[in-house]
Amino acid sequence: MALLTVEHLQVDFRLRQQTLTALYDISFTLSPGERLAIVGESGAGKSLLGYAIVNLLRQPGYISAGAIHFHEQNLTKLGSRQWQQIRGKKIAMIFQDPMVTLNPVLTVGEQMVEAIRAHQKISAQAAKQLAIHKLSQVKISAAEQRFEQYPHELSGGMRQRVVIAIAMLLNPEILIADEPTTALDVTIQAQILHLLKQLCEEQGVALILITHDFGVVSRIAERTLVMYAGRIVERGPTLEIINDPQHPYTQGLLNALPQMALAGQRLNQIPGHMPSLGEHPSGCAFHPRCPYATEKCRWQRPRPIYSGISTVACFAIEELLAETNLEEGDDNHD
Amino acid sequence: MIGFILRRLLQAVLVMLTISFASFVIQGKLGDPVTQMVGQNVTLAERAQLTESLGLNDPLLQQYARYLSDALSGDLGVSYYHKQATLAVIGDRLPATLELSFCALLIVLLTATPLGVFAAIRPRHILSRLIVIVSTLGLSVPIFVVAMFLVYFFAVEWQWLPSFGRGETHLLFGFWSSGLVTKDGLQHLLLPSVSLAFVLAPIFVRLIRAQMLEELDSDYVRYAWSKGIPAHRVYFVHALKNTMLPVITVGGIQVGTLIAYTILTETIFQWPGMGLLFMEAVSRVDAPLISAYLIVVGLIFVLINTLVDLIYLWVNPRVRIPGYGQ
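Residue numbers (the UniProt record's numbering), protein chains in the order written: chain A, 1 to 334; chain B, 1 to 326.
Careful, some of the hints might be misleading.
[Unchecked claim] Negatives, chain A to chain B, calculated, CB over 12 Å:
hint	residue
1	Leu3
2	Phe13
3	Thr29
4	Gln73
5	Gln84
6	Arg289
[As the list claims (entries may be wrong)] Distance condition first, Cα-Cα at most 27 Å in a straight line; then the derived BS3-like pairs of lysine-lysine:
hint	chain 1	residue 1	chain 2	residue 2
7	A	Lys89	B	Lys241
8	A	Lys128	B	Lys183
9	A	Lys121	A	Lys296
10	B	Lys241	A	Lys121
11	A	Lys139	A	Lys197
Don't read these hints as lab results, they were simulated from the structure.
Computed from a predicted structure; not experimentally measured.
All residues carry an ideal CB built from backbone N, CA and C; glycine is no exception.
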């Protein structure tokens, strides 16, 4: 039984002159305790997807079609009161840059206690105890002291630990982490990722990890969605995707990792850049940057098909599969 | 923290020195004090002697030093017209002006904050549009027009409120003549303070609205929403507290505007405060009184701005770190 089911989700931006579509036909499921990664370059729409799930899209963005089921509820139909019950309690979020997500004029403690008391009838003293307990759970030393401090008095890594502690305060069922380590030093990144994974495992929290970094994905997520220009182009088990990427875009992303480059050679990159909103190309949106693009890719959109390794939307893969099927068919004739 | 306060105090002293020099120069240039004292019918020799004995032939800096040391001991000269120490004359009028300004500020604060916040939270609401339009208009309407309309309707047409003067006052603590404690005094206070508030409020409404809109779009407000905390906490704790930082700063600067407008308001309503006193002093070329007014107003301005800095320090924890505010 899936915990979260996203069905044919579409997100539009209603502007004065026109309505632009940012996310097309997004469908996926998340099981309890599962760790799912959403990968793509900036502009792919992965953060937008995260905000759409908790209904925190900035104006003029809105969900124009589709449904998001969480337990028995359709999240796209909830009012602000009902959302208040879910956000922070059932679905918690971690944002990219802890410098700008924690309120600069409130202490760490105030920002933790308010989250607890919004969802539980509990005395201020008990809330403080719980907050300090959670702070020490994310391995913050001198938790009582930190409780009284302001965000600017903490280091970047420490701040992100605070944000993780806040996310874990009420034992949520789903944690959506939007680039949780991007703003941190590489050495701190590994610690934070490890902490995040450990906490999710211990408490059975399902994680949606939004990132552009396959290095991060491989360490944490069991399943991966790859997004390009507002669509899911490839999905499957993380290990398979990393070992044998099917979609040319996924291949490009993996090849672009510095670890993949040979010493003395230029780093690999995908030519061109992610199309911006309102400029999504026709056909397969990736065709202008794709080394295998054909005339067909310019005008028709590939459907997702199962390649035996992952589910991919790509005509090149489709043809490859057709060929092998033919050969197999020939074999059968013998 | 201590360093921050010391730095502010040093700046305050420098500002006061500059103001005192300016008012000293003004006093020296406004007419001939000797003529003011003795009139026309005195021989040139006597005038020269008087000039010498008054120290008017000394070098400018020496005169300034004398002026300054007198000022520090509380002597800002004697008013030509009132024949009293200028500080005593101003001190008599000070409560009237302070009560007027205080009431106006209170009205500004109590109206501008809710209006600005509402216009930011519900930007498409018809009332919000109205608030924006009226505050834009309010910015461009001069105070004497506002005051005239208020007087016309409330005092002339409907005869609800008095149109001039301060009404009945009571002496509080032996030195403060207050109009706040009598019904008559409060009635007299209403029109002038509303006029004064009307010209100041639009700036604050627009500032609070713009700043609040910006804060509501910020990451930490979105993060606050994601924690599922109630809307009033997001608006009034998370967003409003950050909104108030620039508002406090601008508020301090607006004190200057407030003082300038008290001169106009007091003139229109014949409010017996410092502003009216200043206008009278100007028309009578009462140089010592003019320069004393400048010094007192300068001092008030500096004190309030220092106070605003301290409030800022209290609201914004980031300035509290030693060395951060530099």
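Against the structure, the hints come out as follows:
1. Leu3: 18 Å, holds
2. Phe13: At roughly 15 Å from the nearest Cβ of chain B, Phe13(A) sits farther out than 12 Å, so the non-interface label holds.
3. Thr29: 22 Å, holds
4. Gln73: 15 Å, holds
5. Gln84: Violated, since 5 Å does not exceed 12 Å.
6. Arg289: 30 Å, holds
7. Lys89(A) with Lys241(B): Holds. Lys89(A) to Lys241(B) sits at ~25 Å (cutoff 27 Å).
8. Lys128(A) with Lys183(B): 49 Å, violated
9. Lys121(A) with Lys296(A): Distance of about 60 Å is beyond 27 Å: violated.
10. Lys241(B) with Lys121(A): 25 Å, holds
11. Lys139(A) with Lys197(A): Within the cut-off at roughly 14 Å; holds.
Checked against the numbered hints above, the structure breaks hints 5, 8, 9 and satisfies the rest.
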